[in-house]
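Colleague: Assemble the complex: chain A is given as a structure, and chains B and C must be docked to it using the hints.
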Amino acid sequence: MRRAALIAVPYVWLLALFLIPFVIVFKISLSDIALAIPPYTPTMKDGFWTMVQGLDFENFVFLTEDDLYWKAYVSSLQIAFFSTLLTLLVGYPMAYAMARAPEEWRPTLMMLVILPFWTSFLIRVYAWIGILSSEGFLNQFLLWLGLIDSPLTVLNTNTAVYIGIVYTYLPFMILPIYAALDRLDGSLIEAAEDLGCSRLQAFWLVTIPLSKNGIIAGCFLVFIPALGEFVIPSLLGGSGTLMIGKVLFEEFFSNRDWPVASAVAVILLLILIIPIILFQRNEQRNAEAEG
Amino acid sequence: MPETIFAPWDSPEETPLIRFQNVTKRFGDFVAIDDLTLDIFEREFFALLGPSGCGKTTMMRMLAGFEDPTEGTITVAGQDMAQVPANKRAVNMMFQSYALFPHLSVWDNIAFGLRRETKDKAAISARVDEMLRLTRLEKFARRKPHQISGGQRQRVALARSLAKAPKLLLLDEPLGALDKKLRQETQFELMDIQEKTGTTFVIVTHDQEEAMTVASRVAVMDEGRVMQVATPEDIYEAPNSVYVADFIGDVNIISGTAAPDGDSRFAITWAADQPPILAKSDIGFNTGQSCHLAIRPEKVAIHAEQPEGKKNAVRGKVLDIAYLGNLSTYHVELPNGTIIKAQTANTRRIARRDFTWEDEVWLSWTTSAGVLLAQ
Amino acid sequence: MKHLLLGTAALALVAAAATAEEVRVYNWSDYIDEDLLTKFESETGIDLIYDVFDSNEVLETKMLAGSSGYDVVVPSGTFLQRQIAAGAFQKLDKSKLSNAGNMWDVIDARVGKYDPGNEYSINYMWGSTGLGVNVDKVKAALGDDAPIGSLELIFNPANMEKLQGCGVHFLDAPTELIPAALAYLGEDPDAQDADTIKKAEPVLTAIAPYVQKFHSSEYINALANGDICVAVGWSGDVLQARDRAAEAENGVNIEYYAPSEGALMWFDQMAIPADAPNPEAAHKFLNFIMDAQNMAQASNYVYYANGNLASQEFLEEDVIGDTAIYPDAATLENLYTTSPYDAKTQRVVTRMWTKIKSGT
Chain A
23 MRRAALIAVP
33 YVWLLALFLI
43 PFVIVFKISL
53 SDIALAIPPY
63 TPTMKDGFWT
73 MVQGLDFENF
83 VFLTEDDLYW
93 KAYVSSLQIA
103 FFSTLLTLLV
113 GYPMAYAMAR
123 APEEWRPTLM
133 MLVILPFWTS
143 FLIRVYAWIG
153 ILSSEGFLNQ
163 FLLWLGLIDS
173 PLTVLNTNTA
183 VYIGIVYTYL
193 PFMILPIYAA
203 LDRLDGSLIE
213 AAEDLGCSRL
223 QAFWLVTIPL
233 SKNGIIAGCF
243 LVFIPALGEF
253 VIPSLLGGSG
263 TLMIGKVLFE
273 EFFSNRDWPV
283 ASAVAVILLL
293 ILIIPIILFQ
303 RNEQRNAEAE
313 G
Chain B
2 MPETIFAPWD
12 SPEETPLIRF
22 QNVTKRFGDF
32 VAIDDLTLDI
42 FEREFFALLG
52 PSGCGKTTMM
62 RMLAGFEDPT
72 EGTITVAGQD
82 MAQVPANKRA
92 VNMMFQSYAL
102 FPHLSVWDNI
112 AFGLRRETKD
122 KAAISARVDE
132 MLRLTRLEKF
142 ARRKPHQISG
152 GQRQRVALAR
162 SLAKAPKLLL
172 LDEPLGALDK
182 KLRQETQFEL
192 MDIQEKTGTT
202 FVIVTHDQEE
212 AMTVASRVAV
222 MDEGRVMQVA
232 TPEDIYEAPN
242 SVYVADFIGD
252 VNIISGTAAP
262 DGDSRFAITW
272 AADQPPILAK
282 SDIGFNTGQS
292 CHLAIRPEKV
302 AIHAEQPEGK
312 KNAVRGKVLD
322 IAYLGNLSTY
332 HVELPNGTII
342 KAQTANTRRI
352 ARRDFTWEDE
362 VWLSWTTSAG
372 VLLAQ
Chain C
7 MKHLLLGTAA
17 LALVAAAATA
27 EEVRVYNWSD
37 YIDEDLLTKF
47 ESETGIDLIY
57 DVFDSNEVLE
67 TKMLAGSSGY
77 DVVVPSGTFL
87 QRQIAAGAFQ
97 KLDKSKLSNA
107 GNMWDVIDAR
117 VGKYDPGNEY
127 SINYMWGSTG
137 LGVNVDKVKA
147 ALGDDAPIGS
157 LELIFNPANM
167 EKLQGCGVHF
177 LDAPTELIPA
187 ALAYLGEDPD
197 AQDADTIKKA
207 EPVLTAIAPY
217 VQKFHSSEYI
227 NALANGDICV
237 AVGWSGDVLQ
247 ARDRAAEAEN
257 GVNIEYYAPS
267 EGALMWFDQM
277 AIPADAPNPE
287 AAHKFLNFIM
297 DAQNMAQASN
307 YVYYANGNLA
317 SQEFLEEDVI
327 GDTAIYPDAA
337 TLENLYTTSP
347 YDAKTQRVVT
357 RMWTKIKSGT
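Respectively, the protein sequence lines represent chains A, B and C. Just so we're aligned, residue 23 is where the first sequence starts under the working numbering, counting upward by one. Just so we're aligned, residue 2 is where the second sequence starts under the working numbering, counting upward by one. Just so we're aligned, residue 7 is where the third sequence starts under the working numbering, counting upward by one.
Here chain A stands alone, though its shape is the one from the complex:
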């Protein structure tokens, strides 16, 4: 009896925090836009049965008719994918250096990684505007060095979006990889060298596979929020930066078309569910392997 209750708790949690909101959004996505409060029809006010009869998949059909939407999804997937890759390329060496650093330095290094979280995310993204703008620190520094003659246009381009995402989500990449590398037994590397591996081979054949779980966790932690990212592309991106988060915002606020906005969100969720399930599986397998 108590066992059943214990098992029920996470499911109730899931139901309350995920399933019920999803059902509401899904229901709105099947409704029609209306000039009313709330701005869609039908609602429960019309009676449950009338409401159910009034629902249809029109909005989803609409999403397939305008190429804007799938272009935005593809562009978001692309930006999320490459920024995850970049974050991995930047984050892995940092995590590796942290794990190899003398024991007494590690809490400090860890602190430095976490430190940016003490400042509002919005302020940190605004700070990048100051760095990347044509009169910004980066350009002034490069001009001062004499590397460039005229200011580079970085702000309001996709490059700035990549920089913003990599910067913002870097700790989410570093921490799981660091955790994996920290647990790595140094004698495994020596064993690999003893058995004939060069340093690089040992890294590739032992360190990378053994930090694989950290890499996977880090990539998901970056990829999933980056896919739906709105703030970074709208502050650092240019008018040409097409991301589904921005499209969602426009549907909701500019077109005040809640049903289409909900349909966009439902599709986004479906796209995200695949990596989330893969991530869960991976975590579960780890838990089993370690148990």
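No wet-lab data here; the hints were simulated from the structure. Computed from a prediction, not measured in an experiment: that's the story for all the values here. Since no wrong hints were added, every one of them can be taken at face value.
Using 20 Å as the maximum straight-line C-alpha spacing, the simulated SDA-like pairs for lysine to any residue come out as follows:
1. A/K234 x B/H104
2. B/K89 x A/F225
3. C/K350 x A/D78
4. A/K268 x C/K361
5. C/K219 x C/D178
Modeller: Frame of chain A, contents of chains B and C only:
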């Protein structure tokens, strides 16, 4: 053809496989290895024995290539190892933690080293299967390291380090993680495998029993120096110092001053109101030179009455009795406070034993029972 | 027993807080002299809770979601009209607005397009959407005969190509730029049919590559600092940029022009949500704002014209005398108003705007 005793260290025409020549290793101010010279011969099962921090692991890591000597040279088969990195040495190591790759199966762990030197899949497969047979692991080939027992993991580690048929196998406390019974079985298995493969083994251990059981020769180390290198029998019977005598097994040390007393015999004055002890020794002592007599407890006899015609006999009181089942060790206090241990085999039932606490007893030993040491 | 007493005391406090009258106002950011807020509190004894927003879309989303909890909100004309249709507002009780006689009939008549008979709202401020120009830089780029006061400046690609170097910002507001493009073409800026609206697309697409940024507030600083030389923006904001540059004495000389082809006139209207918790206090707040001196104080502070005729005698000379704020009769005649698009047209407009900005 008569069977010859394996003792290449005694024949001057043999060249050693491994030579440490005046090797010193420092970590900052700490001297881990202090001007050490040592030869190890091919097919030897050589044990480095000592307490933790004596430098035995550092020596092993220098052989493997994980540390470089600060001074001196190490040669293996005549080649100076100074410029040879770990992955280019025909030396393999079995790690104390086994260091099995957790992401690879038993089979792939054993194949790991082979894959680095050849692409021939059939050859790798044949060699891995051979190693699996040798270590009786055929049934576990597809398992991951976390799916097998500690003893099996130990054998995987051994199989993996032997797979490349190294000239020299290093074993770092190979049995330390096993329980006592399994350890004893595995010791014999190790000796068996060493004999079958003909590989030179160097084992690091702090367990003197283990070293004595498996090794052809033992190097007893202390604070970065080798105290004595000898066969297990010689180490036990003829230690060259109080340190070695004390480190290996149980021993009574009686300190005093020596005086020559006939042919290779010395009289040791050790207590004011006691007659001197007589002991034979091949090394000479001057009159008045301080000396230490080391006698193993099993070489000390215990009597109820003063024994007749014994050269060395002292009287004391039973202070303590350690009953070990097959043996009993009596701790006997002499009038001057010295405690001497005497060991007897329990051939009789416990109720019929002769001595009990507080009994007055006599202890005796022959003149050749002990070893007379200068230091 | 003691705990119980304390508990009762706490309950009493909560009850007292609930009965103290309060009014919640939701207005645009930087849009009032804050002294007026304290003045209202001391005159009426009502607690004023003042919140700000920075886009009509944010306000509208709150209104359409319902139960916003605000007593007074300030949507712009087209948004107001749509929200009235959605049933978001309650009719004003004119008997509680004793200062109604102060209002300016000219403005009331124009607002009537969105709120016929001014039944739901009163005008707070109004202005136009036009050109903020760094005169010296534009003349340097285009020569002394540059069409500074004309839409030719921003919709002729040849001009824009030359201005690209010194920087041009556009409002990120399709409902203001599309009518402007239509006005440039000589079409009705208030056109509601998709075919006419689509005529604006090639005009905007042709110049979009030369626009550094589509944004609705960054241009104030950018103009004032001299980072850009032209901005399509709101009158009051451009004037703010002009004053900031003047204060900084950085040699940047900004002027505002309502384009000669016609400029969009907009109205920010105060209205009371249908579900306002305290409509009584809301009416008191509206009446307070409609007071001639109070309204003048607000305009003197924010540099926008208001719809209160009686307030004009209290306006400072640099407000009432500035044609950029209070245009002359001829210019006023030249200002046009637009109606809200229906949902379908709105989608066409938004989609077109996305396409223009991103080329997708």
